[in-house]
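Engineer: Protein sequences, first through last, are from chains C and L. Using this note's numbering, read the first sequence as starting at 1 and increasing by one per residue. Using this note's numbering, read the second sequence as starting at 1 and increasing by one per residue.
Just so you know, these hints were derived from the structure itself, not from any lab. Watch out, some of these pointers could steer you wrong.
[Stated by the list, open to error] No farther apart than 30 Å at their CA atoms in a straight line, the calculated lysine-lysine pairs in the DSBU-like style are these:
hint, chain 1, residue 1, chain 2, residue 2
1, L, Lys348, C, Lys769
2, C, Lys978, L, Lys331
3, C, Lys80, L, Lys386
4, L, Lys386, C, Lys79
5, C, Lys434, C, Lys153
6, L, Lys311, C, Lys73
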Amino acid sequence: MEKKYWQSFGELNQSESFQKKSEDEFQEQLLPLEDLDNGLLDAKSPRRDFLKYLGFSTAAATLAASCQTPVRKSVPFLKKPDDLVLGVANYYASTFVNEGDVQPVIVKQRDGRPIKIEGNENSKITGGGTSAMSQASVLDLYDTTRVRHPKEKSGGQFKEVPKFDQLDKTIADKLAALGGKPVVLLTTTLNSPSTAQVITEFLAKYPGSRHVQYDAVSYSGMLLANEACYGKRAIPSYHFDNAKVIVSLGADFLGTWLSPVEFTYQYQKNRKISGTKPEMSRHIQFESYLSLTGSNADDRFVHRPSEKAAVALNILAKLGGSVTAPAISDAAVNKGIDETVAHLKANSGAALVVCGSNDVNLQIIVNAINEAIGANGKTINWAVASNYRQGIDADFNTLVNDINAGNIGALLVYGANPVYNYLNGAKLGDAISKLPLTISFSGTIDETTECCKYIIPSHHWLESWGDAEPKTGHFCLQQPTVNPLFKTRPFQTSLLKWAGSTMDYEAYFKDFWTKKLGTAEAFHAALQSGLIETADTVGGATFSSAKLAEAASKVATAKQGFEVVLYQKVGMGSGSQANNPWLQEMPDPISKVTWDNYAMVSPALYKELTGKDLVGEQRDGDAYEVTPEKPVVKIKVNNIEKELPMLVLPGIHPKVVAVAVGYGRASKDPVNTKENIGKAANGAGVNVYPFVTFDGTGFRYSGPAELSKSTKDPYMLAQTQVHGSSESRPVLYETNLKTFIANPGRVLEEATHERALLLHGSHGEDFVKDATIYPYYDKPGVKWGMSIDLNTCTGCSACVIACTAENNVAVVGKKQVARYHEMHWLRIDRYFTGDVTNPDVVFQPMLCQHCDNAPCENVCPVAATNHSSEGLNQMTYNRCIGTRYCANNCPFKVRRFNWLDYNGADSFADNQETLIGSDLDDVTLQMNDDLTRMVLNPDVTVRSRGVIEKCSFCVQRLQESKLAAKKAEDPTLVRNVKVACSQACPGGCITFGNVNDPESEVSKARADQNRNFYVLEQLHVLPNVSYLAKIKNTDRHVTNEKAEEGGHGEKNAAHKAEKAHG
Amino acid sequence: MSRYRKFFQTSLVSVLLIVIFSFSNSAVLAATGEELFKANCAACHKPDADMTGPMLKGARERAPNPEWAYKWVNNVNTMVETDPYAKKLLATWGSKMTQFNLPKDDIKAILDYADAYTPPPPPGGGTGAPAQDNSLLFGILTLILAVVAFILLQVNSSLKKLSDEKDGVFRSEPVPFYRNKAYLMTAVIVLFCFAGYKTTNALIGLGRMKDYQPKQPIYYSHKVHAGTNQINCLYCHSGAQDSKFSNIPSVNVCMNCHKSINKYEGPDELKLEDGTAVNGTAEIQKLYDYAGWNPASKKYDKPGKPIEWVKIHNLPDHVYFNHSQHVKVGKQQCQTCHGEIQEMGEVKQFSDLSMGWCINCHRESKVDFYNTKTGEGNKFYSIYEKFHDEMADSVRNKNGKMVENPHRLDSVTVEKIGGTECQKCHY
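Can you build the whole structure from these sequences, using the hints too?
Structural biologist: Below is the structure:
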């Protein structure tokens, strides 16, 4: 039987070893009992030994667990702060700022420590959405590698400087003695207005000094193109919500491009579809590898990276632009261009084209396209600029040359880490160490900081005052949510001190905003909401096509041979949060790989390099699919060779290898990596920033490459999801918009049919009550339920991290993930379907379905998992004895077993250390450091070894909401509840609440009978999680129709037969 | 005559009623005064002595005019700025009183109560003879009876032997009782049962600490504070109504009162469990050391340090317990779980805090269920339609007629709304 949805090539082919593997669910070897028989029992004196061991272990256990109850102390405050009630969380509005990214957030603080980041739902930019990286940033606050006090390098070693005053004096003296050489402040993009003013004051004090902004992944091409076309070196605001047609030329705007949370929020407004108004935007993606955005596109076309300009030129020419377009050989791409142009023309004024290239010329062409389709002033708003990225590559290149030439007096680095992420970082690092005065404000000893003379660590953003202006007229304020954990100081305070000011940044910041807002009350109100936003005006800018002809002639032309594409992963970004174990263990939504980067290649390229055909030939595929060890490829770009494991995925151009940046963080001496960069980042992946090229105006993130198969041993990639098979049962439904409008009931026909079959056998009427032999139990009062809209889930995985943070989900490390022991309560299942070379992708968030007729509950011998009267499938850890019958019997494969003591929750303390290196990774030690453990949610039990765990529907939040409702005597407070995943979702695709209440959002979502389905409903497990079927706005047939052509006749026959029977 | 008798009876009843009413009326008034005082004032004032604020006895006489006090209570914030006597008060006492919004009658009742207050006589010496423990007596009796029974058995067997010998029936030599298998077996079974019972109980009791009464860094008597002085539990344990924790009060809360109460002069004898007398004033001095308070200069002129109390009520980590759920929503008294805390010197754990104990209460306790007819009860429960239907007096039967509800539900227990399900406490 042909599989409709598949997760791996093994599953697609249903190869022998794949089937064998999916039978062996836990992948555990049985105890070697034969060895035991032959060994121990044949020994000289097994009985005596046995008695010895017995005696010893009994005695040891008695001693260790002697029955003395420990004396616990309860130490109240000496003087309790007024706004703190122990055990009750406080919420503060603040702003996540990292490398120019800005997200307004609400920080949950329990008993004085921030433990969770939530989106600020009042923000007009994000609407309360967050990203995986902002969700995970709370863990960075408790990073063990944080610098705990200012340091000075002497004799190659960093030594503590006990007092800031002493340091300020030394540095002021040195700054005064630079002898005319300039002071350079090197930062990532800073969009804080008050900091900008501080920097201006500082630079004024040191004439000749300058501020250089450097972005690890640059948008300089766009900034310069806009300057050429519109006279403004700025990035406009995009309105994906106003666009009926969205065309992306390699821009991963839902994953990593510019402001993905904002764009996801806008994008989903036009992807939510209802039976009464079946309309949605059409999204067409041209790209070279399978990106998160591409996987969400309605139509997707694959081309060479070097062909991107040709695609843009063809679109422009066909829209009537006065350019000559080079011919494209690929018929599919040509067809795609024609379709795209037709849609763009038909939706003039409601279309948007974005491009992910950093090539000025290409961006000028894209500007011309947007001009031709009337986007300017409609879907592109020039009245409001986006300030997320401001670095200009040429400026940084000049700085690099100056540093290399030794022409810089003092280099002050904040946020930027060029020694790691510049294309020739090592050389730059050496040059930096030779400069007279180098100061890093970094919170950790990263690659650049290592080369500096002084470290004056800045606060983490959760400890900081601050502000940001991500878009014109949108101000987001930061306020500290915890006392600084270490002896750190905001870098602005340092600059102010060295500029001769007596103020520190806190006073400066308060003064700045009080003056700006008029009164202290207005400032406090703004702090409380975290936002100062004015209503946006929408306006265009005058376009000048003067540079167009020149740009069209200068863009790169298509090349032959292999090409490499560098991209960012949605969880790792540029790599600044590489030591975040949550992010490292988050499976990439496309590849499902954790802890590593890799060379993404198409099956065709894999065949070309290894001679093995994964798609056609089962036996070839087996060797690749079954083991986590993947063959290694040698990639040579700019004469630099890197070796990476190959991960074969469909939807990639056959000549392209795609590699993620952000990995391979390492100190100069690799021995120090563990301590300075961190245990989680140590050894994770390969740094491919050296593959970036500089073409004179900007950095290029793709280019020609030489590929060859490496002689190295295969490398282990820890991949999730390729295990846990649904055994060919249909788990999701989709259709295209046209079919959905014509026949809305068609998409769920199969599910309806299955349901009817089940009910038919029982001669009943009510599917819930009659189609089973089990009794029905009432759910009086509250019944919790969740609805997930597959149409708006982009797979961004913010929910995965939110769930991890909320529920103390353990990080298990790469070795354990490779053994399929990952712990995530919520996973995003990725399914391919359709064309093997360019498949459609469907993401399906999968969590415990809280079945009312749960298969797991029946098989538990100790009733540790059972059902509540509110519809929750309860998991009681203290009752669980770890038989794993439940996990075995769960058709959704969402139950997780604590194979080892990941959390340090066992009674015996030393269970972890002995396993480090063999079964556990260093990251377990990192996660169990006293500092890191401060992130744990005190309302959720930390699970010990040997118990099963799974999604609890955030029961702690449900209980809290019920308590609040009872205190307020108001049942509407339990109508809609935000659980961690639904709160984090930027697309608003998860709704949660009381399904007994017809007014709740979840009840309303389920009312859409044409799209509402339950996974594996035919098993009559009665899940409490419902899904809304996916609708693609494409002319192609999506899979369900394909099945209709082949297998449907048979089913129809069965249906008819059944009718005749009835 | 009979007519007169009727009149006599009526008037007698009327007089009686009047007497009862007038009597009870004044009793009601006095009670209100005392209650109001305890609810609003007792945290800072005593009727007959100065505390954080001045004593209330004679407050009206001390004030510039009798009406002043009534005005003051409801206008503290303004009067403190304008009124000369109020300014003087502030200067003397250092802190401003909380402004109330009480009707004049209530203020009058409070002040009347304070004026009429006489301290209760110190409790008498003995608390009555200790209860007799008869178990020893019973034990001895049982033993004696067992010995008698044993002797009788022996005598019985000897007599039987004699009679057998007399009758010429041959019987083998009797085994001594300590080798009698029946006896031995009985003893073994009894021992086994006893040991098994003890072991099982001991294992169940592991980690349970009923009657745990550790020595605390300061001898703090709940009897003095919550009992004799009637301080509301929530004044110190304010978290109990808002949070999962009831919160041991921070030192500054203690000092609210103890800035002025620097010696112990109360009627209760302070004793440790073993009978050793405790010097209350010395214990207050310990508090000052922790707080860094100098009673002589009336200033915090020393560095303070938090008090390390020994935690008495410990729940395992996998148990979620929320005080506010029980205190605010469930309207439980503190004593339900903590025992007669107002009678305890040093606190001891009253209940065993076992799961069975929790579950029992959840099975028996009724929730404040919403009554759809009268609108009484917690409106949250209005969504439990099933129970509302079951509580209805009449139901529609099969034929569509309204008949009396045969299985009428009287009340809804915590268990009914899911209060005994695992994930209500374990998550």
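Engineer: Against this structure, judge whether each hint is valid.
Structural biologist: Right, here's what the structure says about each hint:
{"no.": "1", "hint": "L/Lys348 x C/Lys769", "verdict": "violated (52 Å)"}
{"no.": "2", "hint": "C/Lys978 x L/Lys331", "verdict": "holds (28 Å)"}
{"no.": "3", "hint": "C/Lys80 x L/Lys386", "verdict": "violated (46 Å)"}
{"no.": "4", "hint": "L/Lys386 x C/Lys79", "verdict": "violated (49 Å)"}
{"no.": "5", "hint": "C/Lys434 x C/Lys153", "verdict": "holds (13 Å)"}
{"no.": "6", "hint": "L/Lys311 x C/Lys73", "verdict": "holds (5 Å)"}
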